[in-house]
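Participant: Sequence:
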Amino acid sequence: MYIVLSAALVGIIMRNGANYISKLYISKLYLSFYIVRFI
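Numbering (the working numbering), first residue to last: 9 to 47.
Bear in mind the hints are in silico, worked out from the structure with no lab data behind them.
It cannot be assumed that every hint is accurate.
As the list claims (entries may be wrong) - Pair ranges (Cβ atoms, derived):
no.	residue 1	residue 2	range
1	Arg45	Val12	48 to 54 Å
2	Ser30	Tyr10	27 to 33 Å
3	Leu32	Tyr10	31 to 37 Å
4	Gly19	Phe41	30 to 36 Å
5	Leu37	Leu17	26 to 32 Å
Cβ coordinates follow ideal geometry from the N, Cα and C atoms, glycine included.
Could you build the full structure based on these sequences and the hints that come with them?
Facilitator: Right, dumping it as structure tokens:
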């Protein structure tokens, strides 16, 4: 029971981490796009 609970918790943390990283990556892409456009 405890093992299943901890595995679910790790899965949630990993999913949130991936979500955060992808958002960061997308915002970085937008930033570089705007910088290139203004040059």
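Participant: Holds or violated: the 27 to 33 Å window for the beta-carbon distance between Ser30 and Tyr10?
Facilitator: Roughly 31 Å apart at Cβ, these two residues keep to the hinted range, so it holds.
Participant: Looking only at beta-carbon atoms, does the pair Arg45, Val12 fall within the given range of 48 to 54 Å?
Facilitator: holds, 50 Å
Participant: Do the beta carbons of Leu37 and Leu17 sit within 26 to 32 Å of each other?
Facilitator: holds, 31 Å
Participant: Range first: 30 to 36 Å. Now tell me if the beta carbons of Gly19 and Phe41 are that far apart.
Facilitator: holds, 33 Å
Participant: Regarding Leu32 and Tyr10, is the given constraint of 31 to 37 Å on their beta-carbon distance met?
Facilitator: Taking Cβ atoms as reference, Leu32 and Tyr10 lie about 33 Å apart, which means the hint holds.
No hint from the list above goes unmet by this structure.
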